[in-house]
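Q: Assemble chain B onto chain A, guided by the hints.
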Amino acid sequence: MERIVEVVPEAGLHARPASKLVKTVNRFDADVSVGRAADGDDGSVRADSMLAVTGLNVGHGESVRIVADGPDAEAALDAIEDLLTSPVEDGNGGEENGGGENGNGSEHAEDDAEGDP
Amino acid sequence: MTGPTTLTGIGSTPRTGVGTARWYRGGADLTLPDRPDPSTVDPAIERERFEAAREEAREAIRLARDRAEARVGGEEAAVFDAHEAFLDDPGIVDDVEDAIADGTPAEHAVRDRFEAAIGQFEGMDGRMAERADDLRDVRDRLLRALLDAPTPTDLSTLPAGTVLLAERLTPSDTAELDPAAVAGIATVAGGRTSHAAIIARSLSIPAVVGVVDALAEVADGTEVLVDGEAGEVVVEPGEKRRAAALRKDDAPVVPEPVSTADGRAIEVAANVGSGAEVPPASDRGADGIGLFRSEFLFLDRESPPDEEEQYEAVVAALEAFPDDRIVVRTLDVGGDKQVPYLDLPEEPNPFLGRRGIRLSLEEHADLFETQLRALLRAAAHGRDGNGGGGSEGDGASDDDRDDRGGLAVMFPMVSRVEEVEAALDRVESVAADLAAEGVDHAVPELGAMVETPAASYLADALAARLDFLSVGTNDLAGYVMAADRESDAVADYHDPLHPAVLRAIDRTTAGAEGTDAWVGMCGEMAGDPELTELSVGFGLDELSMSAVTIPAVKERVREVDSAEARELAEAVLRCETRAEVRDVLGLDE
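Note that the protein sequences, when read in sequence, are chains A and B.
If you want this note's numbering, it's the position in the first sequence, counting the first as 1, plus 2.
If you want this note's numbering, it's the position in the second sequence, counting the first as 1, plus 21.
These aren't lab readings, by the way, just hints derived from the structure by calculation.
The beta-carbon is built from N, C-alpha and C at its ideal position, and this holds for glycine as well.
Wrong hints could be hidden among the right ones.
For each label pair, taking beta carbons as the anchor points, the in silico distance ranges come out as [what the hints assert, rightly or not]:
1) ASP55(B) to GLY63(A): 43 to 53 angstroms
2) VAL10(A) to PRO54(B): 45 to 55 angstroms
3) ASP80(A) to ALA456(B): 46 to 56 angstroms
4) PRO54(B) to ASP84(A): 40 to 50 angstroms
Selected chain B positions facing chain A (Cβ under 7 angstroms, derived; list incomplete) [stated by the list, open to error]:
5) ALA103
6) ALA106
7) ASP110
8) PRO111
9) GLY112
10) ALA138
Subject to a maximum C-alpha distance of 20 angstroms in a straight line, what follows is the list of computed DMTMM-like cross-link-like pairs (lysine to aspartate or glutamate) [stated by the list, open to error]:
11) LYS25(A) to ASP109(B)
12) LYS25(A) to ASP80(A)
13) LYS25(A) to GLU105(B)
14) LYS25(A) to ASP115(B)
15) LYS261(B) to GLU250(B)
16) LYS25(A) to GLU76(B)
17) LYS25(A) to ASP87(B)
18) LYS25(A) to GLU80(B)
19) LYS25(A) to ASP155(B)
20) LYS25(A) to ASP74(A)
Excised from the complex, chain A in its bound form (with noise of 0.2 angstroms):
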């Protein structure tokens, strides 16, 4: 089964979200794989190996297609949509229920001037 969710924190699939990306998948018994939603099947990679999901390079604001197949498919496809959704990523990220918490934070919105001339 797939999911196609918008990257929403600022950070992209980069640092934090990414590692709490990789965390999260190995938390279920899933074949979890991850690629922009416009690349389809040729831009995919697994979703455990955080070398391939930072090689991405899947900014803020940028769609991807999580495909997850195995026993808990599902309940790991809404773990990774509650994590790529949740603008910003609280606390240590652990045995978490989904990041409902966050409320504090939310205003680093200038950073997305990334790269220069």
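A: Using the frame of chain A, we list chain B on its own:
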């Protein structure tokens, strides 16, 4: 060692501290042994070694994360989660295990796989390039575990009263130090003008550099006194010596501006390299800031600061010194100062490559424009908001030397008049944009750093177009003498007291004579009280230095007679060797 032993080096921060010696061995040697024949490798053993190394690395990463979280919060700690994710990356772990199964020792398998991954990320944009740094970090943790190499000390959490001993410190090592905890620094290598020494000075940490091999004999845990004024490291100083050293007070702080004995005003200002250095500069009696290194706003982050952030940083400095001038140097990167997300060109000889104004006018034109917008807006703040005015920089028409307040902006690494003209054009067009937008702004005083022999030769032409010049003696000495300031092998060349350097300084002040431009000096020479008379003799109007030496220099300025100082300068300019210069100045060779 028993009893007090005195080791001699080069005093770097002229303060004294006593504490407990602790060696810092930063980048341990992670050279791998030669790759053995695959048939001699036992994959089972290697797999176990790899597993054990991963566990060791994991523990270290978690410890680092917890510490970072306690000190700076979750945001900074998040990077360690990424490190742990790399440690468990199946793409890495599987490949390493495959290589081990083929008869590769664990350390070679790790290195090969990480090199490949690092290569993948390198050369991508800023954020991705930082992942390469993360991978290097994880790789080194694994290799240290596999090679049983010592773990580097976390410099930011040293216990109070530590005297840090090291072969050498990198600028980032030094920047991590907590001035409240570190009682002193002594290094085997390094010179007074290395960036690490300069950072130590701006943190006011007592420091002696260039102690050479004798320092290696000092064991961890020994009581050590670092006398940055005498340039001495005293091992087991004993009660008397320690009390005497700590009593030897710095010169008293003089909060008001000073003049020479015959009444010539000399501005004594501070060099600052971070916002945190502004208040201590004020505490030590600085008459404003003579060098505000704006690049600090660009370091340790993933993308450049926006206009608002830069504006606020400059306004904060202006507010800390309401009656004084703040001289902001526009972004000076390149050379040895690298900023990952700026994608600076790789050059065989970066000191002679694209740096300072060269980048600002071309590759970094957008960053330059943003910076100028922030600065012109801040300039209006400094002038109580009478925006819009100002000359285009052709002479100091409306700026009186008596009016010390407000913002000044200088361009680094100038070597051509065309660069100054282009920079002035940019300022003009930014001012026009701001005026069109109805944004409050003013054109600050504009100046150039004199760091290249070219700028010294052209001082008259530069001064005719600008409000001021500021001599950067460190780079000027480096470029005049063709000697790399970070290279110990040519440290001897790198001294402003070489006659060629002194003549380049004199040429600068002489070139500006007859124009309205004032001339300052913001290199290390400006902060040496033994050279204050000479600086006055060269006709400098402003001396800017690490805050720690301000009281001593102010005290010295008051004793100097400017006519005698001029005679001294003339005598020095007749010298042909450094030995003669030192002799004339009454310094020991």
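Q: Against each hint, give a clear statement of whether it holds in the structure.
A: Hints versus structure:
Separation of ASP55(B) from GLY63(A) is about 50 angstroms and conforms to the stated range, judged on CB atoms against 43 to 53 angstroms. For VAL10(A) and PRO54(B), the hinted distance range of 45 to 55 angstroms is satisfied, since their beta carbons lie about 48 angstroms from each other. One distance hint, 46 to 56 angstroms for the beta-carbon pair ASP80(A) and ALA456(B), holds here, with the actual separation near 55 angstroms. At roughly 48 angstroms, the beta carbons of PRO54(B) and ASP84(A) sit within the given window of 40 to 50 angstroms.
Taken as an interface hint, ALA103(B) checks out: its beta carbon lies about 5 angstroms from the nearest beta carbon of chain A, inside 7 angstroms. Interface restraint check: ALA106(B) against chain A, minimum CB-CB distance 4 angstroms, threshold 7 angstroms, status holds. A least Cβ separation of about 5 angstroms between ASP110(B) and chain A falls short of the 7 angstroms threshold, and the interface hint therefore holds. At a threshold of 7 angstroms, the smallest CB-CB gap from PRO111(B) to chain A is about 5 angstroms, leaving the interface hint in force.
Annotation: GLY112(B) was flagged as interfacial toward chain A, and the flag holds, the nearest CB pair being 4 angstroms apart, inside 7 angstroms. A distance limit of 7 angstroms between C-beta atoms decides the matter here; for ALA138(B) the minimum to chain A is near 6 angstroms, and the interface restraint holds. For a cut-off of 20 angstroms, the pair hint linking LYS25(A) to ASP109(B) stands: about 10 angstroms separates their Cα positions. A distance of roughly 14 angstroms separates the Cα atoms of LYS25(A) and ASP80(A); the hinted pair therefore holds under the 20 angstroms criterion.
This hinted pair checks out: LYS25(A) and GLU105(B) have alpha carbons roughly 10 angstroms apart, not beyond 20 angstroms. At most 20 angstroms may separate the alpha-carbon atoms for a hinted pair to count; LYS25(A) and ASP115(B) meet this at roughly 18 angstroms. Straight-line distance between C-alpha atoms of LYS261(B) and GLU250(B) comes to about 18 angstroms, which keeps the hinted pair within the 20 angstroms bound. For the suggested pair LYS25(A) and GLU76(B), the alpha carbons sit about 17 angstroms apart, so the restraint of at most 20 angstroms is met.
At roughly 18 angstroms between alpha-carbon atoms, LYS25(A) and ASP87(B) fall within 20 angstroms of each other, so this suggested pair holds. Restraint check for LYS25(A) and GLU80(B): satisfied, since their Cα atoms lie roughly 17 angstroms apart, inside the 20 angstroms limit. Of the supplied pair hints, the one linking LYS25(A) and ASP155(B) holds, its CA atoms being roughly 17 angstroms apart against a limit of 20 angstroms. Restraint check for LYS25(A) and ASP74(A): satisfied, since their Cα atoms lie roughly 15 angstroms apart, inside the 20 angstroms limit.
Violation of the numbered hints given earlier is absent; every hint is satisfied by the structure.
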